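Given chain A's structure and the hints, the job is docking chain B onto it.
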Amino acid sequence: MGSTSAENNGSNGVGRRDLIKRSAALGLIAVPTMSFLSACASGGGDDSSSDDSTKGTTSKSNPFGVKKGSTLDVVVFKGGYGDDYAKAWEANFKTKIGVSSTHTGTQEITGKLQPRFNAGNPPDIVDDSGAQQIKIDVLYKNGQLLDLSPVLDAPAIDDPTKKVRDLLIPGTLDPGVQEGKVVALNYIYTVWGLWYSGKLFKEKGWTPPKTWDEFIAVCQKAKAAGIGGLAHQGKYPYYINVAIMDLIAKKGGIDAVKAIDNLDPKAFVGSAAAQAGVEAIYEVVEKGLLMPGTNGLTHTESQTRWNQYKAAFITCGSWLENEQLKLTPTDFDMKFLPMPLLADSKMPFEAIRAGSGEPFIIPAKAKNLPGAKEFMRHMLSKEWSTLFAKEANSLTILKDGVDSSVTLRPGTQSTVDASKAAGANTFRYLYPDWYSEMDTSIQNASNELMAKRIQPKEWLKRCQAAVDKQAKDPASKKNVHS
Amino acid sequence: MRKGQYRFVAGFLFVPVALYLIFVIWPYIQTFGYSLTDWKGESQTFKFVGLDNYRALLHDDVFKEAIWHNLLFLVFIPVITILLALFFAFMVNAGGRSKAGGVTGVAGSGFYKIVYFFPQVLSLAILAVLFNAVYRSDGGGLLNGFLIKLHLVDVNNPVEWLNEPNMVLWALMAVVVWHGVGFYLVLFSAAMQSIPRDIYEAALIDGANRSQSFFRITLPLLWETVQTAWVYLGIIAMDMFVLVSSMTSNMGAYGGGPDHGSDVMSTVMMRNFLYFGKSGYACAMGVVMLLLTLVLSVVTLRATRRERIEF
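Chains as they are written, first to last, in this note's numbering: chain A, 64 to 545; chain B, 47 to 357.
Okay, chain A solo, but in the shape it has when bound (with noise of 0.2 Å):
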């Protein structure tokens, strides 16, 4: 044997000469051969969704069939609002339905999800929120999301006679639409616009402006007294445009905010709204009424520069308070501000952008559908609602959610009073729920704004240019805000 060579085999064996060209060949094929490689990667990902053993008979109190002694895979973002009012919910669940929880509290959503995903074994239940959110457009266009109309037509716990969505907030479920479908629940009921302290506001006799011109002489007053006018959180530039797109829309009115939405060729170019808004925040900008360095601030940065009284105003939605908890000085007297009024605005001063944020999911392929189900009716109950509130120092979408045996902080409560102040007339955009691409581009333009490195003009040219290209996009016809 020593000295037969391997090519010599003939019809014995596979030669090393021909094995190194028969793999070699076998390479060229697997390239270019894509059903073979799909087949592989897409690891066992199949469309059933889900499966018998989680169904139960429906019946009235049981809508959806839920089985007792099934579980639940509930997966939620552990972000400004902890995750303590979750297992609160699961505990209340496992008591009530009988289903226990595997629970996850954790910031890395895209992380954790997305192999689950995409190998077609998503959890039950997601709280898709924060930075490392799997954005809602993605994951409604990779087809991925429950359809939720089911549990909102579904009849409502607290009042068997009503369905669920007739309980809720006018308006707090059209952020969670894709394509004329609600297919993420918004649970959290929001408002954003400018804050301030109410103990530095009575130190130094400051009153809360309500027109842009008593806006800029408070912030001209707070740099003569050595701090700054406005706050923001330059790192990331979706606060500043809290400001920008505000008054963009208390200026033009509801127009300007359905132009931009639905992609009109004027939606920023053209419109004389988006000019004045756009026009007004620079005008901070180069009357130096910017906290210094606030450009490169961080979130937490900025706003706890802003607890230690350096700034008379900040941008933020009503998570700040929650957020800052910690960091704020207890006599700190936190309020809220609708954006003060341009000359000639549409809107009434009271006006504000509020509506509902923290995006609930129910994965299409969800292994236990009836619960996830069961789970998202029972969180749109009074009881539910005034756990979250009691856990997470927050309003929820459900009308009057609140138990008033719960007392609210001062910033919580000043945006209930705003909410109230504001009735109808409070706006909502959308085009940050569904076009990510565009609000990035929108975004990265108020960045270069506020650093001084571009005019108005080229904001607005800039702007719609991002508005133009998404309207190139097909599909971006079957998003409408009407």
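Keep in mind the hints are simulated off the structure, nothing from the lab. It is possible that part of the hints are untrue.
[What the hints assert, rightly or not] To give an idea of the chain A side of the interface with chain B (calculated C-beta under 7 Å), a few residues:
(1) E153
(2) N155
(3) G161
(4) N205
(5) E266
(6) A514
[What the hints assert, rightly or not] When the alpha-carbon atoms are kept at most 30 Å apart in a straight line, the in silico BS3-like pairs for lysine-lysine are as follows:
(7) A:K321 x A:K273
(8) B:K93 x A:K540
(9) A:K273 x A:K284
(10) B:K195 x A:K535
(11) B:K110 x A:K515
(12) A:K204 x B:K110
(13) A:K267 x B:K110
(14) A:K244 x A:K515
(15) A:K541 x B:K93
(16) A:K204 x B:K93
(17) A:K175 x B:K195
(18) A:K535 x B:K93
(19) A:K244 x B:K195
(20) A:K286 x B:K195
(21) A:K532 x B:K93
[Stated by the list, open to error] Taking beta-carbon pairs under 10 Å as the criterion, some of the chain B residues facing chain A (in silico):
(22) V232
(23) N296
(24) M297
Here the structure is a predicted model, which means the values were calculated and not measured. Quick reminder that beta carbons are idealized off the backbone N, C-alpha and C, glycines included.
Same frame as chain A, now just chain B:
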């Protein structure tokens, strides 16, 4: 026995080769496969689109700008790091002039060697937190605070180090260099110590000064180590993902700001992959990155090839 030997060797190689094939080569092939589709990242339904993604890539200004940033890093990070490390290593090992006439480092060289190595111990994530505090854009930042105290910077107009398009890349580069110099100093020190002392002593006797002994003796004999360092630093320069995504202002996700001024290939790729849901397109970027890296490694190895000097 030849055949038996073959099996014996193959037996040992099987596990590492299999691991390599499964975890390196197979993902590469998959990435290439996905790059020919319109995969959106969250499910397994996608269409084959041929080379569309690559065609779109040709017109993607953000990605092209990102390539330039990587190339800039590729030129400056190795050059600055290696020069500094070489200089320090030389001073620590052969820069001193002891009275006895031997070849030693400058006074306190043992201490310096340890101190220079400290930054290397820190992980990139800690490094990002640390330098975020250094570069912080208001008076609370280390650099700004210092410059304000010296009255070089106006307190109402602090320098936004990471929010200036002309500055952000250099600020990031400074972090990498600060982090890397210590490691390469130790690497070069080890190599220098293997250079026989008598060569230096002979040069000394012939009247060579510090720079002559460095350029005529140290550098030629260290060439292979420098080459290795160059490849390692090149890999770092082609990546930069951690620092860019955790230090620069946000372009939707994964840093990259201001105005894409610090975007590198990997951050653009990840943003498209996860945040915009253009995963197939992002895979095409990944393939381009792989090709660029391969070309650059070959060029680097060819360009720095020298005759090996035996000593």
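Status of the hints after comparison with the structure:
| no. | hint | result |
| --- | --- | --- |
| 1 | E153 | violated (26 Å) |
| 2 | N155 | violated (31 Å) |
| 3 | G161 | violated (32 Å) |
| 4 | N205 | holds (4 Å) |
| 5 | E266 | violated (22 Å) |
| 6 | A514 | holds (6 Å) |
| 7 | A:K321 x A:K273 | holds (25 Å) |
| 8 | B:K93 x A:K540 | holds (21 Å) |
| 9 | A:K273 x A:K284 | holds (16 Å) |
| 10 | B:K195 x A:K535 | violated (53 Å) |
| 11 | B:K110 x A:K515 | holds (25 Å) |
| 12 | A:K204 x B:K110 | holds (27 Å) |
| 13 | A:K267 x B:K110 | violated (52 Å) |
| 14 | A:K244 x A:K515 | violated (41 Å) |
| 15 | A:K541 x B:K93 | holds (21 Å) |
| 16 | A:K204 x B:K93 | holds (13 Å) |
| 17 | A:K175 x B:K195 | violated (46 Å) |
| 18 | A:K535 x B:K93 | holds (20 Å) |
| 19 | A:K244 x B:K195 | violated (58 Å) |
| 20 | A:K286 x B:K195 | holds (21 Å) |
| 21 | A:K532 x B:K93 | holds (22 Å) |
| 22 | V232 | violated (34 Å) |
| 23 | N296 | holds (5 Å) |
| 24 | M297 | holds (6 Å) |
Hint compliance for this structure: hints 1, 2, 3, 5, 10, 13, 14, 17, 19 and 22 are not met, and every other hint is.
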